[in-house]
Every structure is written in C-alpha cells, then in structure tokens.
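Enquirer: Hey, can you work out the whole structure from these sequences and the hints?
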Amino acid sequence: MLRLASGHGYMLPLREGRRQAASEAMAPRHTASEDAMERAPAAANPDELRPVFEAEHISKSFGGTQALSDVSLTLYPGEIHALLGENGAGKSTLIKIMTGLQQPDAGELRIAGEDVRINSSQDAQRLGVAAIYQEPMIFPDLSVAENIFIGHTDRGAIVDRRAMERDARATLDRLGVSLDVGEPARGLTLAEQQTVEIAKAISLDVRVLIMDEPTASLSAHEVRQLFRIVTNLRQQGVAVCFISHRMEEVFEIADRVTILRDGRWISTQPRAEVTVASAIHGMVGREVVELFKRNRHEPGPVRLSVKNLHREGVFDGITFDLRAGEVLGFAGLVGARRTDVGLALFGIAPADAGEVELEGRDVHIENPRQAMELGIAYSTEDRRQLGLIMPMTIAENISLPSLPRFLGPGGFIDFAEEVSTAERFRKRLAIRSNSVETPAGSLSGGNQQKVLISKWLETNPKVLIVDEPTRGIDVGAKVEVHQLIDDLAAEGMAVIIISSDLPEVLAMSDRILVMREGRQMAIFAHGEATQEKVLSAAMGQSGDLFPDGSAAAAVAAELDRLVQGKGLEAGQ
Amino acid sequence: MGRLLKRLRSWEGLLLVILLVVLAYNILRVPNFLTITNQINLFQLGIEKAIVVLVMAFIIINGEIDLSVASMMGLAAAIVAVLYQNGTPMPLAILAALAVGAAFGLMNGYFVAKLGITSLAVTLAGYIGFRGLARMLVEDNSVGDFPEWFNRLGQQGLIGPVTLSILIYIVLAIVAALVLNRTGFGRTTYVVGNSAKVARFSGVSVERNKMILFTLSGFIAALAGVLYAARLGAVRSSTAEGFELDIITVVLLGGVSIFGGVGTMLGVLLSTYLVLNLRNGLVIAGVTGNTQTGIIGLLLILSVLLPNMAAAARSRLKRRSESAAATRAPTGAGSGAGTATG
Amino acid sequence: MMDSLLRRIRPEQFREVILALVTLGVLLFFASQIPDYFNGRSVNRLTMGMAIPLTVAVGQVLVVLTRNIDLSVSSIVGLAAYATGTLLARNNDLNPFLAILFAIALGLILGALNGLLVAYGNVPSIIATLGTLALYRVALVEFSGAKTVTTSELPAWLDDVPGANVFSAGAYDLRVMFAAALVVVILGQLVLRYLPFGRRLYAIGSNPDAARFAGLPVRRDVLLAFTLCGGLSGLAGFMFLVRFGNITVTAAQGLELQVVAAVVVGGVSILGGSGSMIGALLGVLLIEVLQTSLLRWQGMSEFVKDAILGLLILIAVTADAVILGRLREMWVRVRRRDQEAARAAAGEGAIGG
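If you're matching them up, the sequences are chains S, Y and L in order.
The opening residue of the first sequence carries number 1 in the working numbering; numbering runs sequentially from there.
The opening residue of the second sequence carries number 1 in the working numbering; numbering runs sequentially from there.
The opening residue of the third sequence carries number 1 in the working numbering; numbering runs sequentially from there.
It is worth saying that the hints were derived from the structure and are not from the lab.
Every value quoted in this text rests on a predicted model; they were computed, and no experiment measured them.
All C-beta atoms in this analysis are idealised placements derived from N, C-alpha and C, irrespective of residue type, glycine included.
Hints are not guaranteed to be accurate.
To be verified - Label-pair ranges, simulated between beta-carbon atoms: (1) Glu142/L - Ser420/S: 38 to 48 Å; (2) Thr438/S - Gln155/Y: 48 to 58 Å; (3) Arg432/S - Ala312/Y: 27 to 37 Å; (4) Arg219/L - Thr438/S: 31 to 41 Å.
To be verified - Just a few of them, taken from the derived set where beta-carbon distance is under 8 Å, the chain Y residues facing chain S: (5) Ser195; (6) Phe201; (7) Ser202; (8) Gly203.
Claimed, not checked - Just so you have them, the derived chain Y footprint on chain L, three or more residues with Cβ under 8 Å: (9) 119-133; (10) 136-144; (11) 263-276; (12) 311-321.
Expert: Here it is as structure tokens:
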C-alpha cells in the first residue's frame, strides 16, 4: 500500500528484516571511519548479538487516535540506535511504554530475551531501562553526587559523603567528564544536569538508555561533549536509543536507524544504508492525499510586518510580512521555537529586540492585554493547561478574553448576551454540544478546539495566531477547523498557523516560514514547498558543529541541496 | 424529581441534609427555637466571623489563603479602643482602623501578587505581626469605656431586634453572592483560581484580582473587628484570637476547594448557618467552647479528607476495571506488520 | 567584591552567615543599651528559654524541608506535658526515663496521625495540622476536665531538673535541659547530613515530582518526618512539665508560631528543600534574644515582641524568595564566567576530555 517500498533500503517483512538488520548491525559500525571522534571497537563478545531489549508488535491508542500501531524495535548491547520520525510519529509514546509510564494495548516487551511487564518507572529502573529527557529531573538543592545516588538503597545506613563523592567522580570519569561533585545541582547548566542524569542512570547499571532529544537545547560544544559520553557508553555495552531531529547528529553517531511515521514502523536499517534523502522520504512519504483544498485568493495589503524579531537565547532574526487574507504557515520540529515567536507577538514572553508594525504603525507588545487591544489573538497549542478552563462552561470560556464587553453597569455580566454569543459560535463552528452551558471539559478534543478558536474570534482580531489547531482531534473536526481558517482568510483576516503537521501546513498556507532552533531558515511560497524541502530545512544543524570533511558536514550539504529542491530524486 | 435528587447529591445538598438534622435537634430541644429573636441571637454570637467568611470564600476560590484575618480583627479592635481612649473621636478612630485594615491587606496582596511569595507565608507573618501590633497597643490591659452609642450599636437591635452587624452581614452576603455569581470580578476570581495560566493567556490581570481581594480581606476583617469591639464593649490583645480556624473551616465546609476554583456562595452561606446551629446545639448539649472548636477542627479535616478518599477510591476502581479490560483485550491485535509494509 | 565573595560562598550559606551576623549585631546592640547585659543569670535564663522551642524546631525543620508544615506542635507539647504530669502525679515512683519515654511515645502517635492525614489522606498539611491543633487541644481539655497539674503533686526529683547543670563556668551554667536540646539539634543535623532519610527529605522538598519519578518512598518519608516532629514535641512536652510544673489546659499555646517563625527566620525555606538545623538554632536564638532583651531594655515595651517577629518572618520569606533568587542568578553567572575563562585559557580540547 505504501508507495515508497520500491528500492528503498529493505522492505522485507518485519521479522526477517529485523534478523537481517541484527546481523548487519554490528558490522557497519566500524565502516564509518571518517568520524572526527574516536569510535569504540565493538567488544568481540558473542553475547552481544543477543538483543538486550525487544519491543514487539506494540500498539497503543488514546481515545480515538492510534498513537502506535504494531511497532517493533530491537536494541543490541553496544549500539546507538536512532529513532527518527516527525512530531507525532509515535516516538514519545514508544518511549513512555519502554519506561513504564504507559502500558501498551497490545504487544510484548522483552529484556535480555525474557518477557517483562514494565508498569512503573521503578520497574524500568530495576530492569535497567532509563530515559533522559530534554528537561532533566534534577534535585536543585542536592549536590551532584547526591543527585546521582539518591535513588540507591544499597549504600548502607549512613551516607558516606566521601565514598559517595568518590563513586560519583568515578561514574563521571566513566563518562569522561569532570564536574564538581560536591556542588549543588542548582548551578549546573542544562547540559551538566543531563550529564548528571546519565551518571545516575549508569550508576544503576543501565542496560538501555533512551535519550529523548537530549541535544535540543545544548550548545555545539556541549553536543560534542555529550557525543563523547554516548560513544563511551556504547563501548561499555550500553544500548542507546537516541532521538534527535538533527540529521547531522543522527548520521554522526547512530549505528542503526529506525523510522516511524504516523504511529507505524517504516524501516530499520544500518546507518550506512540510509541516505538523507531516503530518511526524509521515509518520514514524510505518506500517500499524499490533499486533505483540504483551500480557496486561494489574492491577499490584501500588508497587515503585520515583523523585522529581525529577537528574544535572547530563544529566537533571532525572524522577519516576515503577513497580508490581510493571507495564511502564513510556521513549520519546524520540536525545539524550533515557533511557539515562542507566537508568544512574543502576543506579549506573553515579549521580544527583546526587533520591529513589529501593525497596519503600518510601529507597535511594542509588552503583555497580552496590549496585544489584544491591538487586535492580535493567540490560540494556544496546549488546550488543557493554557487554553480552556475545563470545569467552566462553553459560554464562560468563549467570553473570557472579551469579558469587559459583556459587562453592564456595575460590572454585572450580561448572561443573555454571553449565551447568545456562544450560541452564535456554536452554530457557526458546529460545536457539538447540547447546550453552551455544559463544561468545556466534557467536549471532545475537536469541539474543545472550536471553543478555543471561538474565544479568540470573539475578540475580533486582525491577526489570528493558531498554534497546532488540529493536534489530537479527529479527522472530521480537522476538516472543519481547516474550513474555518479558510473562511477567515477569505473574510480578510490575517492568519498565522503554527503546525507540526506537515501536510496541514502545506495545504493550508499561502506561504510557509520554516524555523529551526530559533532561526528562520526559509520562506517557501505555496507552489514551491514540498514536504521534503520543508523537512530538510527544518532538520538541519545550525552552526558549525562538526568539522569540514566529516560525515555530518556532508549531511549538512545534502540537506542544503534538498532545501533547494535538488537531489530529491536520489532518494527514490 | 430527578433534578431535586441531583441537587441533593451535590455538596450543597449534603449540607442541607446535615443542616436539617442539626436544626431538628435544636428545635426539639429549645422551645421557640425558630422565632426571630432566637435566630437573631444565634447569628449575633458568630456574626463577625460570618462577615469575614464572605471575603475568605473569595480568597480561597481565588486559590490563596489569608491566615491573618483574625489578627487583623484584633488589631482593628485595638486601634479603635486605644485611639478613643486617647481622645480621638470615635468615628475617626473607626475610619483609622478600617484604613489600617485596607492598607495591610494591600500589603499582603502586594507580597503575594507582585513578589510571588506564597500567601501561606505572607499571611503567617501577618498572623503574628498584626497580633503583635495589637499587643503593643493594648498590652495586657482590657480597654473599654466606649461611648454609649457605640456599645448600643454593637449589642442592641437597630431595626427591631436586628443589629447593625446582622444588617451589615445581610447586605454584604447579598453583595458577595451577586459579585461572585454575576459580575466580571467574580468570574475572574473563579478563572484565576481554576488556572492562573489560562487567565494570563486570556489577557486577564491575575495580579490585579489578587491585590483587590487581599485589600478587601484586610478591610472587611478590620470592619468585623470594629463590630466585635462594639459587641464586647472591651478589647484585649487576644480579641478574636483563633477565629481564622473557624472562618477557614466554614468556607471549606461550604464546598470551596482548598486548591481554588470551586465553590458557591450558597454552599458557604449554608455552612455558615450549619456551624452556627451546630455550636448552638453543642451548647445545649453541654459541650464547652474549646471542645466546640475541636469538633469544628475535626469537621475541617473531614471536609478535605472525605472527598479525597472518595476520589482515590473512584480512581482505584477505574484503574482496576481498566486493567481488567486490558487483559481481556486480545493481544497481538495488529497481526499485519508484514502486510503493512509489504 | 561581590563576585569574589560569591566565588567562595554559596547563596544558601549566605543565609546562615547573615543570620549569625544579625544575631551578633542584635546582641552587641543590647549589650550597649543594657548594663551588665551578659551576666550569668540572664544568659542562663536565655538558654533555658531556648530549650523547648529548640527541641520542637528540630522536628519542625524535618517537616518543613518536605514542603509541609506542622501547626499542631504546641497542642502536642501541651498534651504530652499534661498527660505525663498526670501520670507522674499518680505514680510518684515512676522511673524518670519511663516518664520521658511516655511523653515521646504520645508525641510519636499524634505526629503519626498528622503524617497519615498529609501523606496518605492527601490533606494539605496546613489544613490537617490546623485541624489537629484544635483537636489535640480538645483532647487535653477533655482529658484534664479543665483541672491543673500542680507542682506539689509531682515527684520531688522533677524540681531539681531545671536547675541541674552539666557543668558550669563561673556564673554561666550549661543546664541539662539546654544541653538535651543541643544534643537534639546535633542529632538532627547528623540525620539530615548523614542518613539517606535526611537527604531524601531535601530531595522531596526540592522537587517532589522528581522524587516520585526517582522512586523515592515519598509518602513513607513524609509520614516519618511528621512522626518524628510529634515525638520531639512530646519530648518538649516533658521539658515543659519539668520547667513549669503547673500545667493548665492552655499549656504551650502559641508555641507553634514561635517555632515556625524561628524555622523561617533561620533560613529554612517554607517551600522546602533547603535549610539546616544550625539555621533553626540561630533562628531560635535570635527570637529568644529579642524576647528576653526587650523585657530588660528600658523604655521599650515587652509587647513589641510579636510585631517584630511578624516583621522578621516577612523579611525572611521575602529575602528567601527575592534576594536569594537574585543571589543565585549572580552566583551562576559568576561561575559560568569563570568556566568560560578557564575553558578559553585551557583551549577547547582540554575540557572534559
């Protein structure tokens, strides 16, 4: 059914594929010898060929959405296994299942050949599976050494600080880093905190270390340091499951690459058999069904003009014009900082520098109220935490930002007006609920999204920023939201749509701004944008992380070519 | 009928049932319990606390707490007493006490809203500090000798048997119910208590809401303190000591969640009446004041503990039925790895 | 200047250093105002006054470190004092150590009840202990029938304890009760520093989510902290009996505030995770010095005490939230800069390799 099968690595039935991959896995690791970094020789131990971790036929669904469907993953000792996929491909769910935070609906987990159930993070810890996240789970008031050993129960009845610090130092030495182990963790950089977490994991005899985008907020120097640590771990026989959106990193460090897409397993291949183009194609190569057909029309005059928008340490150099009746897509992967640009324009986390013009007037946006008065609305990606008040009614949620407008003399709320306004939106957006006086929390995700957008439409914005407007909602509601955005644009509203759903951005946008790591990489017009081009622009590494002539540098060059739209055929 | 049942199953319904039981006890034990005079006496005994309960409900719905109210009551009473004793005209003394209440309330609000310090810590300082100021003013004396009209205002009926305090309470209760249910300010209070984050992302000024509430809390507590002084006719440094426990208990018992965002004025008014009746019943049954406070303390714990335990039991049941469902579900549902890729 | 200071001391240690300096300043101030300030009798009275709040404060620190609070301590002290007094009044020959054990055991049980409510009943500690503050007091009222334990009913040996010395140097005595409180402080500090349980208390208050995530026994430890706090309050109850002899139903009322104030002033963060027994010791000392000195200072009313205490708490929590936050930022910045400098000096390749 999937078109990319032909000539695309191997597309054998899964079991065979895995076995073959297993036998090949050990070999290609040494072939990539042009690395700048030392590569560990694999211990010639036959035991190593037995997988340390196997997840087989894992399926998991949340409500109506199938997050994982029959996905398998095998990890061998001493391998670095990259997991690739777009946002929402199912990587996080797979990790949560591996670490016991969630239980699969179906499928089996095996550790060193034995069937296991992982019901909690303690179970995972006991079985030697640990995960490092972007945001480390650190105890700021405890010292580095204590952070490493706080979970240990076998270190005697009395804390031997000296022994603990010595062991901590030894553990850190194993990783090839030096930190002041007596210092409280509060003062550590994010990278150092991550290192402490890795040390904590290996102090507990970790066999499988999952790293979920560990490099997302690290500097180039810190990434190199982290890679040195990871290669050290591989040498010591740890299986590392490495998730990154940066292609250079994946090609620099991984032994094997597994690609997921839309909750399904696509391929598992030795790194040497993967090309940048084939990987990107694997990630986006879904059957292109035009989800939604926009009524394209000529946009009006420039409504919002942004020049060199900058927020220290977050994003930089964001420059674009947004016209009346235009839909501008913001594409990028996790950590691209698209949402931060939205938050800056809405005044939640204002920009430090740069110019913003609204209808030709210079404006400075310091807080949300100001943004709303200027006619900028921001519909958040996080409906639950930031968007709606779930126990409150639909009507109460819709009137919230424009509450002053519903107040009569003495500050009394005009309930009739509030309800009739909500009713209007219920009809216009087809919010499926018996009454606008039911709690927002009782609605389905799609209908909640419609309430969220209604709440902002009621403020009559000139510029509407919608962040992930269709995340986690069903297909029917998705089409309705798309139709709504199209209608709004037709009525002359300027819309920014921030979305991780590539087909959605492609279908909905008149132009697409691609970001990565806080920088604006490209703006494509509707006609010239393809999934491959956008993803290539979004996945590169910024800065000169790796020296010229390395594999990574070649990857970077290839990504550049792909952004230009050349070399796509090479992957097919 | 179904609606009535639903109503009864709510917290307010539960309160109503308990209230009826206690009320029945009181009616059976006390002849003419339900006469106006008896009812007014009942309210008069706890009227100052009942007044502060109204504003405390707002504070807790907003997601904060104010431990300093009772000390503020004592301080306001002390200010009135000492200023008058030193020759200040009574109306001016009252104004001064109210102004001090509002000012200290504003200060509490500033530390909570602007500096982001937890209200527990800030108002704990006020709890000790305001009481300390009262102690500075009256030391270990009992300051009284108020003008005749002031005492009368506190003790005797203004309109028929209805005292000024009860009149103020009725007005404030109506205002509080209206503000909480029907105005933008009340709505904002709920919104902030439910999620300060959503409020911020909707352009609502969280800080302003909290500042106003704490200022009001100080002001109303001071007012209640002045009324208390008028009723007692004399002020000591320990006046109104320990009242915060009663006040907070009544609010929580009224169904207001300690975590904010949930609660109704109806529930709070019901629980106020319930606690007044309960105290009355306990007096009839010969239970001393100190023990009454203990029983209120027990109620306070239970009003949080029982809903928690119920919620825990529900989620445990749910988990059990879920895991049962999971084991029943066929494993290896998708057998089509090969077909999907091949 | 600030930078070089920050290189040497951590922000957390600042608190205790500043507090020590403030206490010293206050002592010197009163010494200049009050003739013969440091005479033996006054100093002995000061240390005697510290014994009870100090013992309770050690328990309170355990609880506050976990991001909780125990307001019921004063009722536990009162109840333990009364119950032990009654016990001794009825059995004059009871072994003194059994009496002490009885007071502690009673405290442990009451503390455990608090802990169960908080850790397993999910009742916020402020609510739970505000409730038990009233409940335990009622237990005392009901149990006593509003009668008083009087010194004359108690065994004679109790009279000797308050004046008993471990040793004395000139007019200065080290009284047994104060020595016991000091031992409790030292033991408490050792528990915090050297027992895994103590370190976990910091972890739990520091980042409760991470603590749960790391598989730490959060509930059990919180329960234990409350239980120990109750036990120490029971011990303090025995001290109360020894010191005052006459025990009424209002015994130790208001002590909970003095203790919480001392702990907060002593730099133990009300949000948990940081602080030490030494800080609590300094907090108790400062408050006790203010309390006793104001009594002796001419032209100053003793009634200012609580007002100053309130102000001190406000300053302490504000300093904790605002000033310490700034200091921490500065500290991190200075360290960062030094690291960058070291990195630049050593050349890229040498770092961490």
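Enquirer: Next, verify each hint and record whether it holds.
Expert: Going down the list of hints, with the structure as the test:
no., hint, verdict
1, Glu142/L - Ser420/S: 38 to 48 Å, "violated (60 Å)"
2, Thr438/S - Gln155/Y: 48 to 58 Å, "holds (50 Å)"
3, Arg432/S - Ala312/Y: 27 to 37 Å, "holds (33 Å)"
4, Arg219/L - Thr438/S: 31 to 41 Å, "holds (37 Å)"
5, Ser195, "holds (6 Å)"
6, Phe201, "holds (5 Å)"
7, Ser202, "holds (4 Å)"
8, Gly203, "holds (4 Å)"
9, 119-133, "holds (count 11)"
10, 136-144, "holds (count 5)"
11, 263-276, "holds (count 3)"
12, 311-321, "holds (count 6)"
In this structure, the one hint that does not hold is number 1.
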